[in-house]
Structure formats: C-alpha cells, structure tokens
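Novice: Line order of the protein sequences matches chains A and B.
To convert, note that position 277 of the first sequence is 277 in the working numbering; the numbers rise steadily by one, no gaps.
When you read off a place in the second sequence, starting at 1, and then add 441, the result is the number in the working numbering.
Bear in mind the hints are in silico, worked out from the structure with no lab data behind them.
Keep in mind that a hint or two might mislead.
To be verified - Derived lysine to aspartate or glutamate pairs resembling DMTMM-like cross-links, with alpha carbons at most 25 Å apart:
no.	chain 1	residue 1	chain 2	residue 2
1	B	K556	B	E627
2	B	K450	A	D238
3	B	K875	A	D313
4	B	K861	A	D238
5	A	K433	B	E844
6	B	K779	A	E177
2 protein chains.
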Amino acid sequence: MSNVTSEIKKAKSAALVLATLDTETKNKALKAMADALDDNRKKILEANAKDVSNAEQMAKKGDLSDSLVKRLKVNDEKITGMIDGIKDVIKLDDPVGETMSSVKLDDDLILYQIKCPIGMLGVIFESRPDVVPQILSLCLKSGNAVAFKGGSEAKHSNKVLFDVLTEAAAEAAVPKEAFVLMESREDISEILKMDGDIDLLIPRGSYEFVKYIQNNTKIPVLGHSAGICHIYVDDEADVDLALAVTLDSKIQYPAVCNAVETLLVNWDIAEEFLPRMVKLFIENGVEVRSDKRAKRLIPKDPKVIDATDEDWDAEYNDLIISIAIVEDIEEAIDFINKHGSHHTDAIITGNKEKQAEFVRSVDSADVFINASTRFADGFRYGKGAEVGISTNKIHSRGPVGMEGLMIYKYVLVGNGQVVKDYVGKNAKKYIHKKLDKEFSL
Amino acid sequence: MSNVTSEIKKAKSAALVLATLDTETKNKALKAMADALDDNRKKILEANAKDVSNAEQMAKKGDLSDSLVKRLKVNDEKITGMIDGIKDVIKLDDPVGETMSSVKLDDDLILYQIKCPIGMLGVIFESRPDVVPQILSLCLKSGNAVAFKGGSEAKHSNKVLFDVLTEAAAEAAVPKEAFVLMESREDISEILKMDGDIDLLIPRGSYEFVKYIQNNTKIPVLGHSAGICHIYVDDEADVDLALAVTLDSKIQYPAVCNAVETLLVNWDIAEEFLPRMVKLFIENGVEVRSDKRAKRLIPKDPKVIDATDEDWDAEYNDLIISIAIVEDIEEAIDFINKHGSHHTDAIITGNKEKQAEFVRSVDSADVFINASTRFADGFRYGKGAEVGISTNKIHSRGPVGMEGLMIYKYVLVGNGQVVKDYVGKNAKKYIHKKLDKEFSL
Numbered sequence: 001m002s003n004v005t006s007e008i009k010k011a012k013s014a015a016l017v018l019a020t021l022d023t024e025t026k027n028k029a030l031k032a033m034a035d036a037l038d039d040n041r042k043k044i045l046e047a048n049a050k051d052v053s054n055a056e057q058m059a060k061k062g063d064l065s066d067s068l069v070k071r072l073k074v075n076d077e078k079i080t081g082m083i084d085g086i087k088d089v090i091k092l093d094d095p096v097g098e099t100m101s102s103v104k105l106d107d108d109l110i111l112y113q114i115k116c117p118i119g120m121l122g123v124i125f126e127s128r129p130d131v132v133p134q135i136l137s138l139c140l141k142s143g144n145a146v147a148f149k150g151g152s153e154a155k156h157s158n159k160v161l162f163d164v165l166t167e168a169a170a171e172a173a174v175p176k177e178a179f180v181l182m183e184s185r186e187d188i189s190e191i192l193k194m195d196g197d198i199d200l201l202i203p204r205g206s207y208e209f210v211k212y213i214q215n216n217t218k219i220p221v222l223g224h225s226a227g228i229c230h231i232y233v234d235d236e237a238d239v240d241l242a243l244a245v246t247l248d249s250k251i252q253y254p255a256v257c258n259a260v261e262t263l264l265v266n267w268d269i270a271e272e273f274l275p276r277m278v279k280l281f282i283e284n285g286v287e288v289r290s291d292k293r294a295k296r297l298i299p300k301d302p303k304v305i306d307a308t309d310e311d312w313d314a315e316y317n318d319l320i321i322s323i324a325i326v327e328d329i330e331e332a333i334d335f336i337n338k339h340g341s342h343h344t345d346a347i348i349t350g351n352k353e354k355q356a357e358f359v360r361s362v363d364s365a366d367v368f369i370n371a372s373t374r375f376a377d378g379f380r381y382g383k384g385a386e387v388g389i390s391t392n393k394i395h396s397r398g399p400v401g402m403e404g405l406m407i408y409k410y411v412l413v414g415n416g417q418v419v420k421d422y423v424g425k426n427a428k429k430y431i432h433k434k435l436d437k438e439f440s441l
Numbered sequence: 442m443s444n445v446t447s448e449i450k451k452a453k454s455a456a457l458v459l460a461t462l463d464t465e466t467k468n469k470a471l472k473a474m475a476d477a478l479d480d481n482r483k484k485i486l487e488a489n490a491k492d493v494s495n496a497e498q499m500a501k502k503g504d505l506s507d508s509l510v511k512r513l514k515v516n517d518e519k520i521t522g523m524i525d526g527i528k529d530v531i532k533l534d535d536p537v538g539e540t541m542s543s544v545k546l547d548d549d550l551i552l553y554q555i556k557c558p559i560g561m562l563g564v565i566f567e568s569r570p571d572v573v574p575q576i577l578s579l580c581l582k583s584g585n586a587v588a589f590k591g592g593s594e595a596k597h598s599n600k601v602l603f604d605v606l607t608e609a610a611a612e613a614a615v616p617k618e619a620f621v622l623m624e625s626r627e628d629i630s631e632i633l634k635m636d637g638d639i640d641l642l643i644p645r646g647s648y649e650f651v652k653y654i655q656n657n658t659k660i661p662v663l664g665h666s667a668g669i670c671h672i673y674v675d676d677e678a679d680v681d682l683a684l685a686v687t688l689d690s691k692i693q694y695p696a697v698c699n700a701v702e703t704l705l706v707n708w709d710i711a712e713e714f715l716p717r718m719v720k721l722f723i724e725n726g727v728e729v730r731s732d733k734r735a736k737r738l739i740p741k742d743p744k745v746i747d748a749t750d751e752d753w754d755a756e757y758n759d760l761i762i763s764i765a766i767v768e769d770i771e772e773a774i775d776f777i778n779k780h781g782s783h784h785t786d787a788i789i790t791g792n793k794e795k796q797a798e799f800v801r802s803v804d805s806a807d808v809f810i811n812a813s814t815r816f817a818d819g820f821r822y823g824k825g826a827e828v829g830i831s832t833n834k835i836h837s838r839g840p841v842g843m844e845g846l847m848i849y850k851y852v853l854v855g856n857g858q859v860v861k862d863y864v865g866k867n868a869k870k871y872i873h874k875k876l877d878k879e880f881s882l
C-alpha cells in the first residue's frame, strides 16, 4: 500500500470520529485555526514568497501563465480574507444531525431522515492557496475528512497553511489524521483510483483540468467543466437595462465561468439595441463575433468579425463575445439548450409569461431574469463559503456551499416491530403520517 | 449513429418538453395508463405466458434460476397491483417547480431554488416486468425521460407493457419519444457509453449485475450492490424483543438485500440470549455460522458450523446467519463500519445513550433501533413508489422515491442589477435575508 493510500484509509476512519464531534468542539477548533493564521502571517508570507519567486522564473521562461502567478500570490490582505472566511464558517449552522423529515410509520415506530457528512472527500486544485483554509474549514464544520492535492507551484504555501491549520485544529481535539496533504504528482493518479475510499472528488481549476479528472475516475466528481453562458435580449426588453446587464456579464470579470459568451438578440429589437450594444463593447475592448443577420445592423469596425460555427460552442474566458439574431424566445431557448453548458443563462424581458417560459424550459443550473450572469456565485448567493460550482444534475447544482458536503441517513426508532406483522392476512396497516418532529430518543 | 443512440438523443430533447407539462396533463396521462392496463389484461397475460413458457424450458435445462422464473410471472392480481401503483403516483404531489428556498439578495433581487427533473434516465433491469409501469409512472410525474432495457427473458411482457402504457400517455398529450424501450443485448454497452446524454442510470437486479453496471460506465449510478446488514444485540437489550426482531430480519424474506446477515451479540447477554436465538434459528431452518466464543454457548447441532473469515463479509441472501460475540458497543460499531455494506444496521438496546451513539457512529443509509432490518423499503417508508435502494453517499441514500429523480435550478429575478455595483469602493451590500416565499414572477 502506498503512503498516500494508507493515509487516506486512516483519514477515512478518522472521518467517523469527525462525524460525531459536537458543534462547540468544531467551532473552538475553527477559532483556533483563525487565530493560528493570524499568529503565523510571517511564516505564511515567507513560504508564499518562495513559491512566487519560483513561479515568476517559470513565467519568464513561458512555462507558467502570468494569471497563474497572480492567483498564487498571498499578501496580508489575503490572509485577513482567509481568517474572515473561517469566521464566516463558525457562524454557519452546524448541519450534522439536522432532522430533514420525520414520518410516523406506526405507533412507536418513527422514521427520521437526518443529515450527516458524506465522509471522505478529495480536493484537487490548481495554484490558489486560499482553497486550503476555505475547504478545510467547511469540511471540519460539516464533519468530513479531506485529502488535498494542490499544484506543485504552490507547494510551500499549501504546506505551511495546511500545517498551521491542522495543528491548531488538533489542539482543539479534532483528529489530525482526518486531513491529508498530498505533495507529489503521482499522488493524483493514486487517489483517482480510490473509488472504494473517497466518496466525492472536488476539482478546482481550468476546464481542461476538471475534464481530465472527470474522465479518469469512477469517484463522483462535484464540479463544472465548461461555462458557456448566454443572454437572450427579448423584443420586450428595456434596452438600457439590457445594455447594462450584458456589459457587466461580459466585462466585469471575463476570465471566469459565469461571464457571458454568447448574446442572442430578438430580431424585432435588434435594430434599436445592437448598434448601441456593440458600440459599448468596442469602447470596452471587447471583440465582437457576429452572425450574418446581426452584421447588417452593426457599424463596421476592426473589432467586429464574422462568427464561425465553432463560436457558438466556445468558452472564451476573455474579452470576446459572439452575437446571433433569433426569431423568438423558442429559438433562443433551443439555442441555449443545444449550445450552452447548462451553467448560467439569462433573459432580458419585461414580459412575465416569457420570463416563466424561460425559467421552465432552459435546462441550466442558474436561470436569471434581468440580472447579470456574474451573480452566479456562492458568496453572492449568501452561502458564506463556496465549495465550487456544479453543472452536475445529481446531488448539487449551481454554486455549492456546505450543503453540498452533506448526505442523510434514515433512522428508524421502534420498540420491537417486525415486518411479518405488516404482511399477509390481518396485516397491520402503516400510518405514514408526516410529523414535524425533531429527531430525539 | 446507432438506432438506440439516436432514439435516446430524441428522448433527451423530449425531456425538455416533459419538464414543462402541468400537473393536470400528467395526471390525466397517468389515469389513461392505468385504464389501458385494465383494458389490456388479456394481451399482457398472453405476452407474459410466452416469456414464462420460454423461461421454464430454460430453467429445466438449468440455464435460468427458478426464482427468476417466479419473478417473471404476471397474473391478474399483479396487473391490479401495477394499476394501484400508478394510482398511487397520481396521488403524489407534483414535485416539479416546488420552491426549495428563497433568499433576498437585495431590493428587487430574489434568488429562488426550484425543483426540476434530472432529465434523461436509463433503467436497466432483470426479469420483473412490473418495473416498467412503476418507473414509467414515476418518470412521467417527475418530468423525466427514460430509456428501459429489460432482460431478454421478459421481452414480450416488457414490450406489451411499454407499448400499452406509452400509447395511452401519448393520447393524453405526453411526447411519446420521451420513452424508449431497448430490446437487444448490445444496446446495454451502447447506453453505458452515453455519459453525455444520460444523466442517471438505475440498475435493478442482482449484486453482480449492479456491480457490473457501476464498473462499466461514467454515468452516475443510483443503486446498491451488496446488502450486508447487521443486528447488534446489546447487554441492555430486552431479550424477547431481540429474539423476535432478529428472527424477522433473517427469515421474513431472506433473499433480499435488507435481510440480516451477521448477528453481533454483547458478551454480557450472550449466555441468556444466544441459546434461545439459535434454537429459534434451527427451528426455522436457518444455518448458523458461529465464531469461537459464541460456539461455547450454543448447543451442538448439525445446523451450527464454524464461521470462517469470509463469513464476516458475506451476503448470503439465504437462510444462513453468521454470529460473533463483541465486548461492547464500540466493538460492534467498528465491526459494522468495517464489514458492512453501509445499507441497513440495527441495534437492540433499551439504553438511550447507546442508541444515540449507534445512530451517530454507524455509517449506513438506514440505522435502526429496536426494529427489524426488513423495514428498509420505499413502500414501508411511505414513499408511495420506489425507484430503488441506494448505498451511494451523494444525491440519494436508502430507499429512494420520486425525490431521487429530482434536482433543482437556481432562478434569480432582478430588475437590471449588475455585479460591478457590488464590488470595490462604495460597493452595495448584499442583504442575504432568507424568505419564506414561493417562486412567482
């Protein structure tokens, strides 16, 4: 058994202990973790400086992207952000043991459905070291064990953060073995094979990275690969509102998955809306890729080029937008369901029936009405802390908070009931009355 | 593109229509399906008679088990059962569009989480033809498209049931293409590869069968492989209660996954409990496989043999039970978490603290106190109809009803809000107030 395999098996056992910790113990440990970050600022910054200096050298040679180096950097403000993040998790309700439903099956025979941790999680992430405190605090509060594998470019930062945090937690009676930091590249292929031990994998990184994980493991993966988001501007849209929302959806942070990539415009509003929209795009440095019909309505400009078929399935993550004209809302919905990535799609219209149709028919995790696609985010949704965004269609969808780390167990409390009394002639009948009763013994 | 691949792609498109049907239309279609079964009893019985006669000939040659032939048989009473099952589904609340949560992010910016169908399901099942009306009615009510692949031994029965039901539904304005029946064996390997199109697979059949499906697809699988259930009889158990519950858990229907396979007995009650328990087992034809310590307390009998290491990880599905002595509840819990299949495990004790410890620490879908393991079942839980039992730890766990066919989407309703107003200096603050508001436009 490799080192990592045996550490993860130990963590899985420790997960059973973690699942039974009371809220007070967990919050004390979280407080200790926040304090430890504050006490170890210097150590963290020193370790991060090593990573950043190595990464900058690699970036100079072209082996690393500048944006990756940027994401890698930790400063005092970012450490304060990590501390605040942990404090937010302290404030979240403890989900473990929460009663989800209760049903009276018969006299003195009550069935409870109660929340419990999923168990053993694996988190594989690229350069951002702030994933460590974020996920570690969510896992601790939700009673899940977790194994981390970060990018090698962040290895010093991850190691010092992991050590500082888990040592602080251990002093507050949290089993240290529940948390594992993997450091070698080979460990990834190792953990992808551990479908008997790891209950859920959470990859955080680029499209290609997440896709690679999804394609190479039997473990359920919580995540999203592509983020091809649409805005449909209906003929009953408020034009100024449509301009502002579309511009924000594209330029507020174009590198991320919830930025809009394709704009669909109703034929009947295109003449009024499109020239103004494209002018705004050009002023803000956005390249426009237009279909033939839209092109007729757009002033000629070097920033406006013809769209090809590939553009309708492209995630630019950049200051580029594709534009197509559609006849009506039905064509827009079909287009989105066909070309989208079921992430976030918005309609701009004042017509409530069309809003409802869009909500019913668009098969995406986040369906927005008259608001920027950029709102699709755990922090903005009020989840306190985000595990990730999921385009899965089972378990969790959209921005995922701590609730995505929970499952339930059924607890049946009886006093000797046997099934044979409920079958055959003279069978006792089940009552099946929904109760509003918290689990208690 | 193969025939099945193109039919499933069509079904996936039809799923988007199915997702938008109103409750009245769906209930009308369900009523028509129930009536059609009643009107076509003769046709169904004739088709089934062909399958049964073929199967009986195969069973004579030893190519099919007798229990499979038994499960295959449909009679008038079973058709009535199918009709009643569909009527139960009519009574279930329509889950589509249900508001799960609502949060005020800011003035005129409300985030709703609403239930929606998962989309395209694949159901692969062995001989029981009653799976067709059961799953078809649940899928229709929950707005999911579904492709079926039944065992070849039931092909005539499945075909006539599928045709009668989907034709009736189509007359009630339900898109017929949403439902697919696959008939050739090669279709299975075809659909296992369709992870871009099928959102969830539900295999129903033997342990080996489910395991095979789980090991050969990237599609999420809702199901359970092994059912290794335990009962722990604590030293503070009521002995008569322990005897009755354990006997029921073993003999009431030993061939199924929720029958008990291993009995753990606290050392301090073993002398009083075990001789009586084993006597009952022997009287009821149960073979007992005992560990060394238990053996000393059990009267010698040809039905009592020594357990081997393999027995602690065995699912007998038969009149066989393994028995081990444990020192205390902690040893019992460790044993269950190590050897169990996280399906259903019970404790027999009057001590509430030990009950609570067992509930907290046993990592199983169903954790029972003083009741038979045989209660772990969708019908007994009051779910109306059962999709299956899941030992997965994401999405659905334990007996799964219609709720297991649902996911949610986030709907954000705004009036032109843009993210840039909520970042940087003078950023607007999110309100994040939980509302108790149904989704409305």
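Novice: Next, verify each hint and record whether it holds.
Specialist: Okay, the hints, checked on the actual structure:
| no. | hint | result |
| --- | --- | --- |
| 1 | B/K556 / B/E627 | violated (35 Å) |
| 2 | B/K450 / A/D238 | violated (37 Å) |
| 3 | B/K875 / A/D313 | violated (36 Å) |
| 4 | B/K861 / A/D238 | holds (19 Å) |
| 5 | A/K433 / B/E844 | holds (18 Å) |
| 6 | B/K779 / A/E177 | holds (18 Å) |
The structure is inconsistent with the numbered hints 1, 2, 3, although it conforms to all the rest.
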